[in-house]
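Peer 1: Next come the chains, spelled out residue by residue.
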Amino acid sequence: MKRRYGFFPGCVMPAKWPWAEKAILLTAKRLGLNFDYLRDTVCCARPGVWKVLDKNGWIALTSYNLALAREQEVALVDSCNGCWLSHFEVNELLRDNPALLAKVNEYLSTIGKFYDGSVEVKHWLQILNEDVGLKEIQELVKRPLRLRVVRHVGCHARKLGDDVLPRYFDEILEALGVEIIDTPYDRMCCGLLLFLADPQTSIKKRAGLKLKTANTLEVDAVVLTCSGCFDQFSRAITLLREEGDLPENPPILHLAELLALAFGFSPSDFGMIYNTTGNIAKLQAKLGK
Amino acid sequence: MSRKTSAVVHSVKKLLHEASKLTVVDVSRETLQYPWRKEISVTPDILKPALSREIRRGVVYPINGESLKLRQLCGLKPEPPHGQCSRKALKSKLVLLKVCRVLDALALKEDGGFLY
Amino acid sequence: MSHKTLQVHVARRKLPSKVVVHDYRLCTGCKQCMIACAYRHSKSFDFRFSMIVVEEFSEGGESYFIAATCMQCPTPFCAEACPNNALLKGEDGVVRVDEIRCKGCSLCQYACPLSHPKLHPVQGYAMKCDLCDGEPRCVEMCSSGALKFIEVEKLVELEDMYRV
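Protein chains in written order, with my numbering: chain B, 1 to 289; chain Y, 1 to 116; chain X, 1 to 164.
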């Protein structure tokens with residue numbers, strides 16, 4: 001039987017980035033994956049905040065989603081780096097520490113849930129690279145994308161080291177025929193994690209700086225997989241546009257959008273045309289050539 | 001005294017000498033010293049609303065009218081099936097609050113304070 | 001400061017078994033370490049309370065972040081400079097502030113090569129890294145792996161990390 005995946009879209013994607021959500025669903029189907037939503041979930045709980053405030057609370061809340069994935073017999077899939085980190089890290093902590101797992105189960109039992117550490121937590125990049133494979137992805141490419149892009153991997157995606165998720169990101173982009181443009185700020189955080197403490201630095205010296213660099217390099221898009229990073233970039237774009245500090249910028253795209261385009265879907269098939277983060281018409285014109 | 005210790009004494013003396021040239025004691029600060037120090041709350045206003053929203057709704061970004069419309073335009077079901085709006089959201093919220101209450105009741109929280 | 005006092009301190013010189021080190025090559029500048037540290041010390045996200053400081057510097061078109069925090073020196077200058085003996089090195093090798101003894105004179109700040117100790121913005125006493133009693137929050141929050149909490153003996157193995 002095919003492995004079943006339970007997708008956890010998180011809070012930002014359904015509310016602010018639905019075209020990326022649709023692109024993930026479309027491409028998962030095209031890749032032949034047994035892929036559906038993980039049902040009835042709650043907040044991941046956001047690691048950047050909850051882990052700082054109350055580590056034990058964070059573990060207990062996050063284990064609720066893991067218990068759901070166990071119930072629904074799926075591997076838990078995250079595209080957002082924050083959600084992935086919460087689920088992945090809590091899962092590892094619970095697996096390594098039976099006493100902690102027993103304690104968490106005490107709390108979960110009060111709401112009729114149980115967790116045994118058996119769920120596999122996977123980042124969407126891992127599904128593409130490890131479970132599907134670059135070769136299969138390449139075989140499905142109908143329209144190699146002759147685009148120049150800047151990619152932003154995100155801080156939490158570096159948890160397993162630079163040789164895992166960041167490498168997967170690059171390899172998938174290359175498989176789609178995309179040219180990756182390196183910048184001096186590739187490693188730098190988007191600033192989301194900093195926003196509560198220092199909004200100025202967060203917007204201007206992180207996301208803003210990255211966007212301006214992308215502008216200077218005249219790339220076609222900034223590519224992400226993390227909804228948290230998208231939230232930060234879109235916020236930075238709105239604020240900087242209001243200040244007149246960012247007249248133009250390339251659109252912020254999810255890697256799944258590029259995947260969908262390469263697989264032959266048109267931008268209107270998954271709602272990419274509603275993306276207001278940048279000049280989509282320009283991108284479409286380039287794709288049309 | 002070993003040569004090394006003597007070198008440390010010398011460098012500390014030098015540092016103290018340098019420091020003494022500077023005005024380092026703020027007189028107004030004296031009034032803040034023990035035992036007149038008062039406990040103050042330093043939690044910024046920005047943090048509490050953000051967190052209570054997160055706790056209240058169980059999510060950071062609730063689905064609103066605009067996002068419902070966008071979701072439909074993108075060919076998605078308006079209500080995401082992972083429980084962010086309507087009855088499912090309520091359920092999530094209740095579950096979340098219940099877990100939090102359980103945590104609270106069992107004093108799992110180590111930091112204490114305003115959270116729940 | 002009398003030589004006698006100094007000798008007592010020197011006799012107790014000791015490093016903690018593990019220290020926090022930062023690899024600038026891996027740092028993304030997210031400042032989660034600062035947020036976690038500030039919350040630990042003040043229950044707020046106010047960076048004035050963070051005992052680890054991340055600063056940006058640029059060189060040859062590249063941008064890096066470096067983090068500075070207390071090295072828990074074997075012979076801490078901060079403690080030696082304190083006229084009130086408010087900074088003391090514990091048996092575990094960690095230098096801590098006795099808030100009651102501290103008069104907020106800032107001498108520890110001037111004595112420290114990193115100017116690490118900070119004064120509480122309201123209450124005026126010195127604050128410094130205490131390694132979170134053996135579980136540094138900054139390291140726990142670092143997703144990129146730039147911050148490490150490692151055994152002192154293993155520092156030699158990290159020599160490469162600091163070779164620019």
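Keep in mind that the hints were calculated from the coordinates and are not lab data.
Think of the CB as a built atom: it goes at the ideal place given N, C-alpha and C, for glycine as much as any other residue.
The reader is advised that the hints may include incorrect statements.
Stated by the list, open to error - With a cut-off of at most 27 Å between alpha-carbon atoms, the simulated BS3-like pairs for lysine-lysine come out as follows:
(1) B:55 x X:18
(2) Y:77 x B:205
(3) B:103 x X:43
(4) B:159 x X:154
(5) X:118 x B:205
(6) X:118 x B:159
(7) X:148 x B:55
(8) B:282 x Y:69
(9) B:159 x X:43
(10) Y:77 x B:29
(11) B:103 x B:29
(12) B:205 x X:154
(13) B:103 x Y:69
(14) B:16 x B:122
(15) B:286 x B:212
Stated by the list, open to error - Here are some chain B residues pointing at chain Y (derived, C-beta under 7 Å):
(16) 15
(17) 19
(18) 142
(19) 263
(20) 264
(21) 267
Peer 1: Are the Cα positions of residue 286 of chain B and residue 212 of chain B separated by 27 Å at most?
Peer 2: With Cα atoms ~21 Å apart, residue 286 of chain B and residue 212 of chain B stay inside 27 Å; holds.
Peer 1: Given residue 142 of chain B was flagged as interface, is its beta-carbon under 7 Å from a beta-carbon of chain Y?
Peer 2: 20 Å, violated
Peer 1: Straight-line Cα separation of residue 77 of chain Y and residue 29 of chain B no greater than 27 Å?
Peer 2: 16 Å, holds
Peer 1: Do the alpha carbons of residue 55 of chain B and residue 18 of chain X lie within 27 Å of each other, as the hint requires?
Peer 2: OK: residue 55 of chain B and residue 18 of chain X at ~22 Å, within 27 Å.
Peer 1: Is it true that the CA of residue 103 of chain B sits at most 27 Å from the CA of residue 69 of chain Y?
Peer 2: 42 Å, violated
Peer 1: Does the alpha-carbon distance linking residue 16 of chain B and residue 122 of chain B stay inside the 27 Å limit?
Peer 2: Holds: residue 16 of chain B and residue 122 of chain B sit about 23 Å apart, inside 27 Å.
Peer 1: Between residue 103 of chain B and residue 43 of chain X, does the CA-CA distance stay at or below 27 Å?
Peer 2: 26 Å, holds
Peer 1: Checking hints one by one. Is residue 267 of chain B an interface residue toward chain Y, by the C-beta closer than 7 Å rule?
Peer 2: Interface hint status for residue 267 of chain B: violated (11 Å vs cutoff 7 Å).
Peer 1: Is residue 159 of chain B close enough to residue 154 of chain X, meaning Cα to Cα at most 27 Å?
Peer 2: 22 Å, holds
Peer 1: Run the distance test for residue 118 of chain X versus residue 159 of chain B: straight-line Cα separation, threshold 27 Å.
Peer 2: 31 Å, violated
Peer 1: Would the stated hint for residue 263 of chain B survive a check requiring a Cβ distance to chain Y of less than 7 Å?
Peer 2: At about 16 Å, which exceeds the 7 Å cut-off, the nearest Cβ of chain Y leaves the hint on residue 263 of chain B violated.
Peer 1: Given the proposed pairing of residue 148 of chain X with residue 55 of chain B, does the C-alpha separation stay at or below 27 Å?
Peer 2: 19 Å, holds
Violated hints for the displayed structure, listed by number in ascending order: 2, 6, 11, 12, 13, 18, 19, 20, 21.
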